[in-house]
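Asks: Residues per chain, in single letters:
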Amino acid sequence: MNRRPDRPGAAAGPAGGRRLGGAVLPPAIAFAVLIGVWELLVRALQVKPLVLPAPSAIAGAVNRDWGGWLAAAWVTGQEAFGGFLLALVVALLLAVAATAAPAVERAVLPVVTVVQLIPVVALAPALVIGLGFDLRPRILVAALITFAPLTVNTIAGLQSVEPEALEVMRSVNAGEWEILVKLRLPQALPYIAAATRVCVGLALIGAMVAEWQGSSEGLGYVFTRAQRSLATDRMWASVFMLALMGVVGLVAIGFLERRLLRWRPTRLRN
Amino acid sequence: MADGGIVVRGVAKSFRRRGEFTRALASVDLDVPEGQFLAVIGPSGCGKSTLLRLIAGLATPDDGKVEVAGLDPLAAREAKWFGLVPQAPALLPWRTVRANIGLLREVNKRGGRANGDGHLIPVDVDTLIAAVGLTGFESALPHELSGGMQQRVALARAFALGAPVLLMDEPFAALDEMTREEMRFLLLSIWEGRAADGTAAAPRGSGRRPRTVVFVTHSLEEAVLLADRVVVMSSRPGRIVDDIDIGLDRPRSAAQEDSDAFVEYTRRVRAALRSGAGR
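As they're listed, the protein sequences go chains V and Z. First residue of the first sequence? That's 419 in our numbering, and the numbers climb one at a time after it. First residue of the second sequence? That's 51 in our numbering, and the numbers climb one at a time after it.
Because the hints were derived from the structure by calculation, they are not lab data. Among the hints, erroneous ones may be present.
Unchecked claim - A short, non-exhaustive set of chain Z residues, derived as facing chain V with CB atoms under 10 Å:
| hint | residue |
| --- | --- |
| 1 | Ala106 |
| 2 | Gly107 |
| 3 | Leu108 |
| 4 | Asp112 |
| 5 | Lys130 |
| 6 | Phe132 |
| 7 | Ala138 |
| 8 | Pro139 |
| 9 | Leu141 |
| 10 | Arg145 |
| 11 | Leu153 |
| 12 | Lys159 |
| 13 | Arg160 |
| 14 | Leu191 |
| 15 | Pro192 |
| 16 | Asp219 |
C-beta atoms are modelled at their ideal positions from N, C-alpha and C, and glycine is treated no differently.
Chain Z with its partners taken away, still in its complex shape:
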């Protein structure tokens, strides 16, 4: 079984918009070991979403290379290494909650490639629905749900496939502060392998392949609370200006947000953001 790490080497990407050339990314190097929760933070326009799309094979770099589990992004996509959580929930309005969650498991069924190459993490959909707190809403339609609940469905949809690499593009940015807080801990509980009520259901490292996460955000607290490591980017052209390991214990809890260590980490990330912006 291949290691599910992500390797980004010398990646550059430019866009042409109305005749003007914009360098979105300039020579980015990044290694994400398997099982790491990486947060990518930076001001808007720093190319963090572009970086995510390059990893997912939704865009191709002008220069450099990206590898996921030793495969180029298109091959990794074909082998079902990715679960994507976009900025908008992007649910299919004619599908029920359960059918939306199951959507990605149906793709490529006819070609017999729906299950990847055996690296998918087995997921029980009912347990997952319970974990995201949607029990009782399985047959509801998206327009009957609140924004927060729709984003829970989008989160569950990405987890349901069992893909070992989760790519999240500011998934909670459109939610109100209370719901966002709730969603952060929800994500932590699923990723850390706890049940929604906080009891240990299937702790990480219990023989199961750990999930690697690349989480794009513009929130300092979100990055520090969720991640093992925070990469800070600056804009125009986008590049990595700092790389900070977050040494907070797991499972993470709300109490940690008030700890001195947490405050110190956010201070460091903020300082890196400022220095990047000042250059």
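Excised from the complex, chain V in its bound form:
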């Protein structure tokens, strides 16, 4: 009983560095091998760029116009992040209401399910016609596509508090607001983080698909323009840029999780 417990924070020195190296190095090698094989096959079999461009050609397409690519990525990123934030705010409000009143939960959950079943990708053209050619319809598409996982997870998180913890709080007359702030929201944080991981990819896909429908900017626009001129290297490049943004998003979430969820005995690994 006198033994000091192992503090994970105290071991974050060399051991932490080694863990990070262990997490980064194997996948980096795997990706390098994958890209190398791809490059070799395209060259050896003389695959036409129209069928499949070589990684070097895709990299060349990016390299020719860094500024343009970054500008396009910035637009798409804004749409995806804006949509995610909008969905998060609505999800939080709905989840708090659903937790406070079971009737609200019974009303909201079917709606969330239906929203989830709507092929948002198919809805995008209608939204663009309805809302115009600016950022708004694209943000809305990203929001609609991330809304369901965020709402369902936030409700589950807010309601995952231990009944005993609730009774301890109630026994000293804690109000629902205090219980929400001190108990439910911190408890829901890991659930929201897990949903956010799923939403990174979804929001980016939503933004890009919305750009296909009518936009003069963003990675989706670059993609459709390249498609019209059969520039497959630029099409592939825009998809890779999107994937790269997803990786950046996941790394950012991982960073936030390590800062905010240090108290968790086991953490999801990147």
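Given the structure of chain V, go ahead and fit chain Z onto it with the hints provided.
Replies: Relative to the frame of chain V, chain Z by itself:
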């Protein structure tokens, strides 16, 4: 200053589960004078936890009334008369040991009602942490502690508020036998006002309001060792079948567990439990 006793009069409570009606409690009468350590013992399903929740105002009786310090349970709750120790430690995993212990002192701060109506017992948190043997672990997180240590934090959290009425719902039931034994004496030492090492720090009755305890348990030895009085309940519907005063000297010690008097008291409680079960 109101007397901190508990009065239970003709209390009945039923539950509906899957269409079936279960009478958890049938007309229970109970008086707990201020400063008494009462143990409530009975088989599982006898409504002893329900009784505790009714006192704490976490449930409302179908019939009868409950009063704590002359207040109905909700008003007593609002005035901070209760410190609750549930079956599970129910610590907040993102809070350190110290922050968990201080949790209940933060509640209702904004409304200016965090300190009750002046009946709270002043508690020095550092002394309390030392008394439960957690010195050096103040900034540890719950998942870094053993089950026994987590329950120490839960115990300290209930004491830290300084509430005059402590309600404990089988707090040691989930612990292993050795740790449970340790926790019983730990609880005794804090409640009897001794320091953890057994020296008299602030003896009971030294001008301080004594704490009233309602301790729900299903362990005979635990009930006799801890309590001034043991109430025995029977199940379906839950009612009190015996009420036994425990005349063992305080402070209680491990040596008393082997005394003839201790054995005789456990024998009496066991007999009451059996007679209740046989009815």
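Asks: Determine for every hint whether it applies to the structure shown.
Replies: Each hint tested on the structure:
1. Ala106: With a minimum Cβ separation of about 5 Å from chain V (threshold 10 Å), the hint on alanine 106(Z) holds.
2. Gly107: holds (8 Å)
3. Leu108: holds (6 Å)
4. Asp112: violated (20 Å)
5. Lys130: holds (6 Å)
6. Phe132: holds (5 Å)
7. Ala138: holds (5 Å)
8. Pro139: Holds - the Cβ of proline 139(Z) comes within 10 Å of chain V, reaching about 8 Å at its closest.
9. Leu141: holds (8 Å)
10. Arg145: The hint holds - arginine 145(Z) has a Cβ within 10 Å of chain V, the shortest such distance being about 8 Å.
11. Leu153: holds (7 Å)
12. Lys159: Given a least distance of 9 Å, the restraint on lysine 159(Z) holds.
13. Arg160: Since chain V brings a Cβ to about 8 Å from arginine 160(Z), closer than 10 Å, the hint holds.
14. Leu191: OK, holds: leucine 191(Z) within 10 Å of chain V, min 5 Å.
15. Pro192: Hint holds; proline 192(Z) Cβ to chain V Cβ min 8 Å, cut 10 Å.
16. Asp219: holds (9 Å)
Hint 4 from the earlier list is the only one contradicted by this structure; the remaining hints agree with it.
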